[in-house]
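Starting from the given sequences, assemble the full structure and let the hints guide the process.
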Amino acid sequence: MAGDTTFHHGAPKTDAQPIVQMRDIEKHFGNIIALAGVSFDVLAGECHCLLGDNGAGKSTFIKTMSGVHKPTKGEIFLNGKPMDFSSPRDAMEAGIATVFQDLAMIPLMSVTRNFFMGREPTKGKWLFKRMDIDKANAATMEAMREMGIKLRSPDQAVGTLSGGERQTVAIARAVYFGAKVLILDEPTSALGVRQTSNVLATIDRVRKQGVGVVFITHNVRHAMAVGDRFTVLNRGKTLGTARRGDITGNELQDLMAGGQEMAALEGSLGGTV
Amino acid sequence: MADVSEAVQDERLKQEGFATKLMKRPELGALAGVVAVTIFFLFTASDTMFTLSGVMNFMTPAAQLGILAIGAAMLMIGGEFDLSIGSMVAFSGLIFGAFVVTFGMPLVIAIPATFAIAAALGALNGTIVLKTGLPSFIVTLAFLFILRGASLVGLKIATGGSTQLRGVRDAVENDFLTPVFSGDAFTGLFAWLAKQEMIDRFSSGMPKVPGIPVEILWFVAFALIATYVLLRTPQGNWIFASGGDENAASNSGVPVRRVKISLFVLTACCATLVAIITVIDAGSTDARRGFMKEFEAIIAAVIGGCLLTGGYGSAIGAFFGAIIFGMVTIGLTYTTIDQDWFQVFLGAMLLAAVLFNNFIRKRVTGER
Ligand SMILES: Nc1ncnc2c1ncn2[C@@H]1O[C@H](COP(=O)(O)OP(=O)(O)OP(=O)(O)O)[C@@H](O)[C@H]1O
Ligand SMILES: [Mg+2]
Numbered sequence: 001m002a003g004d005t006t007f008h009h010g011a012p013k014t015d016a017q018p019i020v021q022m023r024d025i026e027k028h029f030g031n032i033i034a035l036a037g038v039s040f041d042v043l044a045g046e047c048h049c050l051l052g053d054n055g056a057g058k059s060t061f062i063k064t065m066s067g068v069h070k071p072t073k074g075e076i077f078l079n080g081k082p083m084d085f086s087s088p089r090d091a092m093e094a095g096i097a098t099v100f101q102d103l104a105m106i107p108l109m110s111v112t113r114n115f116f117m118g119r120e121p122t123k124g125k126w127l128f129k130r131m132d133i134d135k136a137n138a139a140t141m142e143a144m145r146e147m148g149i150k151l152r153s154p155d156q157a158v159g160t161l162s163g164g165e166r167q168t169v170a171i172a173r174a175v176y177f178g179a180k181v182l183i184l185d186e187p188t189s190a191l192g193v194r195q196t197s198n199v200l201a202t203i204d205r206v207r208k209q210g211v212g213v214v215f216i217t218h219n220v221r222h223a224m225a226v227g228d229r230f231t232v233l234n235r236g237k238t239l240g241t242a243r244r245g246d247i248t249g250n251e252l253q254d255l256m257a258g259g260q261e262m263a264a265l266e267g268s269l270g271g272t273v
Numbered sequence: 001m002a003d004v005s006e007a008v009q010d011e012r013l014k015q016e017g018f019a020t021k022l023m024k025r026p027e028l029g030a031l032a033g034v035v036a037v038t039i040f041f042l043f044t045a046s047d048t049m050f051t052l053s054g055v056m057n058f059m060t061p062a063a064q065l066g067i068l069a070i071g072a073a074m075l076m077i078g079g080e081f082d083l084s085i086g087s088m089v090a091f092s093g094l095i096f097g098a099f100v101v102t103f104g105m106p107l108v109i110a111i112p113a114t115f116a117i118a119a120a121l122g123a124l125n126g127t128i129v130l131k132t133g134l135p136s137f138i139v140t141l142a143f144l145f146i147l148r149g150a151s152l153v154g155l156k157i158a159t160g161g162s163t164q165l166r167g168v169r170d171a172v173e174n175d176f177l178t179p180v181f182s183g184d185a186f187t188g189l190f191a192w193l194a195k196q197e198m199i200d201r202f203s204s205g206m207p208k209v210p211g212i213p214v215e216i217l218w219f220v221a222f223a224l225i226a227t228y229v230l231l232r233t234p235q236g237n238w239i240f241a242s243g244g245d246e247n248a249a250s251n252s253g254v255p256v257r258r259v260k261i262s263l264f265v266l267t268a269c270c271a272t273l274v275a276i277i278t279v280i281d282a283g284s285t286d287a288r289r290g291f292m293k294e295f296e297a298i299i300a301a302v303i304g305g306c307l308l309t310g311g312y313g314s315a316i317g318a319f320f321g322a323i324i325f326g327m328v329t330i331g332l333t334y335t336t337i338d339q340d341w342f343q344v345f346l347g348a349m350l351l352a353a354v355l356f357n358n359f360i361r362k363r364v365t366g367e368r
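From first to last, the protein sequence lines stand for chains A and B. Taking full-length UniProt numbering, I'd label the letters of the first sequence as residues 1 to 273. Taking full-length UniProt numbering, I'd label the letters of the second sequence as residues 1 to 368.
It is worth saying that the hints were derived from the structure and are not from the lab. Every value quoted in this text rests on a predicted model; they were computed, and no experiment measured them. Ideal placement from N, C-alpha and C gives every residue a C-beta, glycine not left out. Mixed in with the good hints, there may be bad ones.
Unchecked claim - A partial selection of chain A residues facing chain B, derived with a Cβ cut-off under 7 Å: (1) D84; (2) R89; (3) M92; (4) A104; (5) L108; (6) M109; (7) R113; (8) M117; (9) G118; (10) M131; (11) K135; (12) P154; (13) A190; (14) V193.
The following block contains the structure:
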């Protein structure tokens with residue numbers, strides 16, 4: 001759908017120093033080589049799309065960026081300085097926020113409690129230190145309104161939200177806590193048409209605030225709608241990064257599937273894929 | 001685009017009534033249960049059940065169970081079970097008894113020392129569960145037997161062959177801490193009330209109820225503190241999060257391991273508090289102390305709205321769950337009903353609570 005709706009805001013600055021730079025990242029799980037040397041970087045205010053088929057290693061790659069996995073080999077630089085995250089908390093504190101494929105939301109808990117999970121605002125001292133519920137509720141409502149979602153009440157359980165709304169809560173949460181880099185793992189894969197364009201609009205809004213967005217998807221149209229740069233992963237490897245305008249959607253599609261096979265398939269399906 | 005979705009959202013908003021909101025509270029079922037049981041006994045039991053002494057009569061066992069049930073509820077909300085609570089009561093009772101009788105320690109030393117040992121065992125339970133990733137159900141089942149057996153063996157060693165350790169009352173009689181853990185509170189107030197003829201009294205002028213048994217105060221205070229922690233502190237939020245989805249919680253920066261181990265320590269300490277109260281009260285300890293209490297505590301927690309899957313429940317619900325327990329156990333003696341119906345009632349209550357909780361959870365999560 002979003003092929004004709006673009007959320008693009010012009011060419012990114014090219015001379016800027018990347019916020020995060022990953023060099024020759026390898027990750028092995030026992031004898032499985034999930035990543036075989038991937039390089040990648042994110043600039044402030046850009047949307048860098050990471051594309052690839054199922055099992056290409058996209059989730060694994062961003063998990064090394066967000067401190068969930070330690071890379072087997074390779075280096076990570078944050079603002080030019082080498083970094084070594086040992087937990088998601090480390091990465092979060094460094095300004096790298098991740099919205100995981102499974103969203104890290106708890107359906108039985110309220111939107112507010114999810115929003116501030118692990119980083120609850122407090123008031124009072126010592127024994128009387130308690131959660132500042134009013135502040136948390138107000139901040140949640142406000143952040144959600146900014147993202148264009150009107151909540152019934154901050155007590156509403158996350159389980160009652162639609163997929164797109166949940167995705168937006170997760171993104172709003174990351175932005176609220178001052179993310180410099182926002183990683184979104186397939187935020188649109190389970191969404192319908194309107195929900196998808198809402199999420200894409202949210203990505204654009206976040207990018208305009210100067211946040212570097214890493215957008216993972218296997219849908220080329222979604223990538224083309226918002227992306228500034230595109231990196232394709234295939235079986236744990238990358239063939240490099242293309243800038244917007246230097247590559248067409250069809251070329252990306254081919255790269256994702258590994259070239260020839262896709263061309264053959266496309267022929268037999270009459271170019272409908 | 002945002003505007004469109006806002007408009008659509010708005011027209012689909014249905015005002016949420018007070019009743020619907022109440023429906024979503026986990027403790028609702030337990031509260032309804034208390035009302036139902038009260039009505040039942042108002043019709044079937046003799047009038048003495050709801051006199052002041054009758055109420056104290058069923059609140060005392062309710063309090064002893066309730067302290068365990070609230071601990072169990074918090075652990076269940078955190079996503080784990082502890083089947084060793086009952087055995088822990090026996091084991092802590094033995095340790096405490098041995099400290100005061102065999103070693104002649106004063107309570108200021110014996111009580112913290114007993115709590116320290118219990119806390120260490122709770123932490124051991126938790127560490128094994130978290131390190132191995134085994135279900136806490138099975139790990140604590142092992143401790144159910146280990147601690148029960150150790151209590152038996154320990155008692156025999158401490159007493160030279162008996163399974164009962166006596167002499168606790170004599171040992172603590174004059175200790176300044178004894179009134180904190182045993183006997184009645186507010187005796188002055190009750191004596192005064194009796195003098196004013198505001199409460200029942202014997203012909204001698206003494207009140208029929210000398211005061212509020214201290215365990216009831218512990219029970220109420222613990223329920224209030226636990227509720228406050230769960231609903232109003234970051235730690236409470238971490239407990240819900242850890243039980244709701246361990247992975248999501250830790251990815252969001254919640255110290256899940258620390259939360260869970262603390263909860264195992266808490267249940268062990270609850271068991272110890274009950275052990276100290278009941279051992280001083282009885283003046284002795286034996287290996288059957290706390291027998292089957294783990295199940296009763298978990299049942300009370302479930303009646304109180306805890307989901308077996310974790311992440312949902314309440315301390316105040318467990319509070320009411322324990323009161324239901326106390327009312328039914330003691331209440332049946334005020335009726336002409338055969339007391340052996342108790343277990344039938346218990347099972348039925350549990351089944352009803354689980355079905356009800358399941359229904360509530362679906363409502364809360366909007367069937368997704
Ligand atoms: N913890 C793990 N242990 C072993 N193998 C793993 C682990 N995590 C990922 N893998 C393997 O690494 C490869 C890449 O997986 P990954 O989840 O990164 O794919 P993906 O590109 O995110 O796919 P999808 O589009 O389906 O989300 C897969 O072959 C997967 O089986
Ligand atoms: Mg993935």
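Each hint, compared with the structure:
no., hint, result
1, D84, "18 Å, violated"
2, R89, "5 Å, holds"
3, M92, "6 Å, holds"
4, A104, "4 Å, holds"
5, L108, "5 Å, holds"
6, M109, "6 Å, holds"
7, R113, "6 Å, holds"
8, M117, "5 Å, holds"
9, G118, "3 Å, holds"
10, M131, "6 Å, holds"
11, K135, "13 Å, violated"
12, P154, "13 Å, violated"
13, A190, "12 Å, violated"
14, V193, "11 Å, violated"
Of the numbered hints stated above, those contradicted by the structure are hints 1, 11, 12, 13, 14, listed in ascending order.
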